[in-house]
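Residue numbers (this note's numbering), protein chains in the order written: chain A, 178 to 300; chain B, 66 to 272; chain C, 14 to 194.
Read the hints as simulated data drawn from the structure, not as lab findings.
It should be emphasised that the depicted structure is a prediction, and the values quoted were computed from it without experimental measurement.
Where a beta carbon is used, it is the ideal one built from N, C-alpha and C, also for glycine.
Careful: at least some of the hints might be erroneous.
Quick list of the computed label-pair ranges, beta carbon to beta carbon [said to hold, decoys possible]:
1. B:Lys221 x C:Glu143: 55 to 61 Å
2. A:Leu201 x B:Thr85: 19 to 25 Å
3. B:Pro163 x A:Ser230: 18 to 24 Å
4. C:Ser30 x A:Gln237: 49 to 55 Å
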Amino acid sequence: MNSQPYLSLVVFAVVAAVFPLVPLILARLWFYFFAPLKPGESKNATYECGLVSEGDARIQFKAHYYLYAIVFLIFDVETIFLLPFATAFLNLSVGAVLAMLVFVLLLVEGLVWAWSKGYLEWD
Amino acid sequence: MSVLSDSLIEDLKKQGVLVTSIEALYNWGRSNSVWPLQFGLACCAIEMIAASMARFDLSRFGSEVFRPSPRQADLMIVSGTVTKKMAPQVVRLFNQMPDPKYVIAMGACAISGGPFKQGYNVLKGVDRFIPVDIYIPGCPPRPEALLHGLMELQKKIRAQKLTGENRAKYFDAAQPGEYPIPSFGEHDLEPSKNAALWSPAQVARKD
Amino acid sequence: METPENILARLQAAFPSAKIELLPNGCPSQPPSLLLDPAFACEIATFLKNDAALRLDHATNVTGVDWPKEGYIEAVYHLFSMEKKHGPLIIRLRTANRDTAVVLPSLTPVWRSADLQEREIFDLFGIKFEGHPDLRRILMWDGFKDHPMRKDYVAPDDFEYEPTAHDDVLERAQQHFSKNA
Chain A
178 MNSQPYLSLV VFAVVAAVFP LVPLILARLW FYFFAPLKPG ESKNATYECG LVSEGDARIQ
238 FKAHYYLYAI VFLIFDVETI FLLPFATAFL NLSVGAVLAM LVFVLLLVEG LVWAWSKGYL
298 EWD
Chain B
66 MSVLSDSLIE DLKKQGVLVT SIEALYNWGR SNSVWPLQFG LACCAIEMIA ASMARFDLSR
126 FGSEVFRPSP RQADLMIVSG TVTKKMAPQV VRLFNQMPDP KYVIAMGACA ISGGPFKQGY
186 NVLKGVDRFI PVDIYIPGCP PRPEALLHGL MELQKKIRAQ KLTGENRAKY FDAAQPGEYP
246 IPSFGEHDLE PSKNAALWSP AQVARKD
Chain C
14 METPENILAR LQAAFPSAKI ELLPNGCPSQ PPSLLLDPAF ACEIATFLKN DAALRLDHAT
74 NVTGVDWPKE GYIEAVYHLF SMEKKHGPLI IRLRTANRDT AVVLPSLTPV WRSADLQERE
134 IFDLFGIKFE GHPDLRRILM WDGFKDHPMR KDYVAPDDFE YEPTAHDDVL ERAQQHFSKN
194 A
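Chain A on its own, in the form it takes in the complex (with noise of 0.2 Å):
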């Protein structure tokens, strides 16, 4: 095993291409033998939810919504760090409060400043 320390990796590496290949034969070899396939045009239409899809699915969108997807993500990543610090809130020192108040307040400045140059309205 010393001699050859990349023997595990090889291993690994077979079991990995053998594990998804044994399936895909035998559905191959269960096609061949039992079930014919039957490809239809609705069968193999890219949507599946029955209508039939109308018009292109390349549309125009809004570059405001950039800055809005941007805030909101600003907003949720906030949260996660606003939860372990409401768990630990007692536990905390001063200073650390202090430093987590200036975040939030940080964050609440680029909600004023998002706020006051209207990118909050969608329209």
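Assemble the complex: chain A is given as a structure, and chains B and C must be docked to it using the hints.
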């Protein structure tokens, strides 16, 4: 199972030896993992939902996994009134399901149009467009009736043949994989029924 | 709420050139309804909505009635007042005939709740509401040509399997079988 007789298999089972065939194994697996397509058309869907919940517990039969995509579903439970406007969508969803696939017509409306049979907007039975395996009468059928229908479907699946003359239609390359989707006409669906699939039952008339 | 007779008198005073009629309802417990002149329907509707004593701000039910013998189609509006908590006042509009002149003014601009119901009447009775913001079929598909709630609507001939037929259905089934015999 032509080599061993059924009684011999039973005897072997008593001695702790399990003998099976690919066919029996395959059907056993399929019949215990019938995943329905998750969609409801009318009030029967409420009973279908009730059947999938804890009290009636459809998952005892391996059917609790309602799939939101037709590509992953084995069973279409047509639960409710199929309107003429909805019929093409139902047929298209059925076409998009991979074989082997089964259809349960649940309730009077899906079977024949039910109380709305003479309505201008209701399809007189979903079997005019897709092949139905199990019909469950009722308006709506109780969840027990749906469970019974599912058990009958399982029996049907366990009895299906993989090869030979009377094999299941999914294993026959000559049988269609898709059924024609009706289009909206000026007065009715066009065609108003799949003539290759459905013909009126002969009613014995006394006159 | 004031009686329909009173309302009629006030409407006639406010719209002297409009032809407004009081139609009795056959049922004694129901109030009579007002048959409005389609040409003035929008103005009268706005009047009913804004009048200080009536304030009929809510159209709960809009429906159609086909009168093949009399030769017209009716749109019937049931009006209530949320503010005054009274109602209903029933108003009717009549088309000139059943095939060529089936245009009525839409009251959707006055009562928003009439939107879908007027679409339904358009779909099932074939009344064209002028001024409706989005007049499309709502129950049947867009390419459908008939109006199924009209009394002379003939359903497509799919009576090939009627195990418990009676009355009209039996007749249609017999027609179907004699045609295809």
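We went through each hint and held it up to the structure:
{"no.": "1", "hint": "B:Lys221 x C:Glu143: 55 to 61 Å", "result": "holds, 57 Å"}
{"no.": "2", "hint": "A:Leu201 x B:Thr85: 19 to 25 Å", "result": "holds, 24 Å"}
{"no.": "3", "hint": "B:Pro163 x A:Ser230: 18 to 24 Å", "result": "holds, 20 Å"}
{"no.": "4", "hint": "C:Ser30 x A:Gln237: 49 to 55 Å", "result": "holds, 52 Å"}
Violated hints: none; the structure is consistent with every hint.
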